[in-house]
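Q: Numbering (our numbering), first residue to last: 638 to 751.
Keep in mind that the hints were calculated from the coordinates and are not lab data. It is possible that part of the hints are untrue.
Calculated cross-link-like contacts (lysine-lysine; reagent style DSS-like; alpha-carbon spacing at most 25 Å) [said to hold, decoys possible]:
(1) K728 to K675
(2) K730 to K658
(3) K728 to K649
(4) K730 to K675
(5) K736 to K721
(6) K728 to K669
(7) K749 to K701
(8) K649 to K749
(9) K658 to K749
(10) K675 to K658
(11) K728 to K701
(12) K658 to K721
(13) K650 to K728
(14) K749 to K728
(15) K649 to K729
(16) K701 to K721
Note that the structure is a prediction, hence the values are computed from the model and not measured.
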Amino acid sequence: MISFTDVLEWHKKFFPEATPKSQLVHFAQEVKELNNAKTDQERLEEGADVVIVLISFRRFEETKEMAEDLLNYYYFNTGVDTMKRIRTEIKKKIELINKRDYVWNGEDYDRKRY
């Protein structure tokens, strides 16, 4: 099972230019997608995206404390079974992201579309 440390190290390598601001914007987008999810599977997938961003908050002094509070809400309070399922989805999401190309636009990462 993938650990938070693994996710954080992956994020640092894959998105080296990320900033607290870019991650806050990304968090807002992911929460919106989570709120719009229709099925349990969509909620699980979007929940995994939210947790990835929250783990990335641990990179920055400005967002470390907030990361812990929000991880309690979006992850640790979900129950053991759901936490395992979220980690499985996180692993799948990282495998998918690793196949994509992203470019830093000066404020955030954009996915390259070919």
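Q: Each hint: holds or not?
A: Against the structure, the hints:
1. Straight-line distance between C-alpha atoms of K728 and K675 comes to about 22 Å, which keeps the hinted pair within the 25 Å bound.
2. Proximity of K730 to K658 is assessed by CA-CA distance (about 22 Å); at most 25 Å being required, the pair is judged to hold.
3. A distance of roughly 16 Å separates the Cα atoms of K728 and K649; the hinted pair therefore holds under the 25 Å criterion.
4. For the proposed pair K730 and K675, the alpha carbon gap of about 19 Å is at most 25 Å, so the pair holds.
5. At roughly 24 Å between alpha-carbon atoms, K736 and K721 fall within 25 Å of each other, so this suggested pair holds.
6. Straight-line distance between C-alpha atoms of K728 and K669 comes to about 21 Å, which keeps the hinted pair within the 25 Å bound.
7. Restraint check: the Cα-Cα separation between K749 and K701 comes to about 29 Å, which exceeds 25 Å; the hinted pair is violated.
8. In summary, the hint linking K649 to K749 is supported, as the alpha carbons are separated by about 19 Å, within the 25 Å threshold.
9. This hinted pair checks out: K658 and K749 have alpha carbons roughly 21 Å apart, not beyond 25 Å.
10. Between K675 and K658 the alpha-carbon distance is near 28 Å, which puts this suggested pair outside the 25 Å criterion.
11. Proximity of K728 to K701 is assessed by CA-CA distance (about 22 Å); at most 25 Å being required, the pair is judged to hold.
12. Restraint check: the Cα-Cα separation between K658 and K721 comes to about 29 Å, which exceeds 25 Å; the hinted pair is violated.
13. For the given pair, K650 sits about 16 Å from K728 by alpha-carbon distance, which is consistent with the 25 Å threshold.
14. Straight-line distance between C-alpha atoms of K749 and K728 comes to about 21 Å, which keeps the hinted pair within the 25 Å bound.
15. Pair hint K649 plus K729 holds up; C-alpha atoms about 18 Å apart against a cutoff of 25 Å.
16. Among the hinted pairs, K701 with K721 is consistent with the structure: their alpha-carbon atoms are about 23 Å apart, no more than 25 Å.
Violated hints for the displayed structure, listed by number in ascending order: 7, 10, 12.
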